[in-house]
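**Q** Now for the letters of each chain:
2 protein chains.
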Amino acid sequence: MVSRKTDHGRGSALAASPAAPMQIKGRLWLEKDGETFLSWGRVVLLERIRDLGSIAAAARSMEMAYSHAWSLVANINRLAGEELVSRSFGGKHGGRAWLTPAGEAVIAQFWNLVDKFQKWLETQEAE
Amino acid sequence: MVSRKTDHGRGSALAASPAAPMQIKGRLWLEKDGETFLSWGRVVLLERIRDLGSIAAAARSMEMAYSHAWSLVANINRLAGEELVSRSFGGKHGGRAWLTPAGEAVIAQFWNLVDKFQKWLETQEAE
Chain A
1 MVSRKTDHGR GSALAASPAA PMQIKGRLWL EKDGETFLSW GRVVLLERIR DLGSIAAAAR
61 SMEMAYSHAW SLVANINRLA GEELVSRSFG GKHGGRAWLT PAGEAVIAQF WNLVDKFQKW
121 LETQEAE
Chain B
1 MVSRKTDHGR GSALAASPAA PMQIKGRLWL EKDGETFLSW GRVVLLERIR DLGSIAAAAR
61 SMEMAYSHAW SLVANINRLA GEELVSRSFG GKHGGRAWLT PAGEAVIAQF WNLVDKFQKW
121 LETQEAE
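Protein chains in written order, with this note's numbering: chain A, 1 to 127; chain B, 1 to 127.
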């Protein structure tokens with residue numbers, strides 16, 4: 001199953017200003033043509049699809065409406081210019097779904113960027 | 001008046017994936033004790049207070065309820081552990097308001113951090 005938290009904030013302690021220590025928090029997302037392409041939540045959705053094998057199960061696990069998950073997947077595939085999620089049709093809720101190699105690559109790229117961002121936040125903490 | 005846009009997204013072009021170029025967008029904010037201390041919107045509110053001389057006028061300029069702006073200012077002052085915004089009472093809507101030197105310093109610190117973040121995003125673009 002999925003171990004990564006859906007918490008959006010990534011933080012690091014900043015030694016500055018009086019009283020309690022400040023934390024710098026941040027969020028990253030990717031856009032294409034001015035539209036959101038990948039965000040934390042969308043990447044978690046892709047991971048759930050990979051782990052659970054269907055868009056319906058992934059949506060349920062995130063307490064997201066199936067129709068919303070479906071439209072996010074359609075949007076992600078369209079903006080990617082290729083399928084990141086493939087589906088076999090038939091069955092209730094459109095059958096099975098899985099990630100393509102391009103989908104796996106995009107997830108890895110996103111977490112890699114998030115990790116670099118986290119490291120950057122930590123360098124700010126040190127100042 | 002205030003020239004800085006209230007647009008939250010800071011982006012840079014990323015040469016990757018098919019079709020249109022991707023943009024990495026990001027947002028930063030500061031927390032104290034797990035509460036939001038400063039965000040883009042809050043800093044703009046502080047700048048409007050500085051520029052317009054009252055919380056009421058600042059709120060109006062941002063189409064924000066006066067009561068909301070007032071509670072944000074109270075919250076910011078409390079979390080800072082000192083006054084960042086000072087107020088003279090009396091008159092409708094509590095009179096005049098201005099930034100303390102600590103308030104000015106915090107704004108400068110925030111934009112400095114945002115600028116460094118922007119530069120970091122640009123380094124990601126180059127990869």
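Heads up, some of the hints might be wrong.
It does not matter which identical chain is meant; a pair holds if it fits inside one copy or across any two.
[To be verified] Below, simulated DSS-like cross-link-like pairs (lysine-lysine); rule was C-alpha separation at most 30 Å, straight line:
| id | residue 1 | residue 2 |
| --- | --- | --- |
| 1 | K25 | K116 |
| 2 | K25 | K119 |
| 3 | K119 | K32 |
Bear in mind the hints are in silico, worked out from the structure with no lab data behind them.
**Q** At most 30 Å between CA atoms: does that hold for K25 and K116 within a copy, between copies, both, or neither?
**A** both (14 Å within a copy, 14 Å between copies)
**Q** Cα distance capped at 30 Å. Does K119 pair with K32 within a copy, between copies, both, or neither?
**A** both (25 Å within a copy, 20 Å between copies)
**Q** Evaluate K25 and K119 at a C-alpha cut-off of 30 Å and name the case that applies: within, between, both or neither.
**A** For K25 and K119, both the intra-copy (12 Å) and inter-copy (17 Å) Cα distances are at most 30 Å.
Violated hints are absent here; each numbered hint is respected by the structure.
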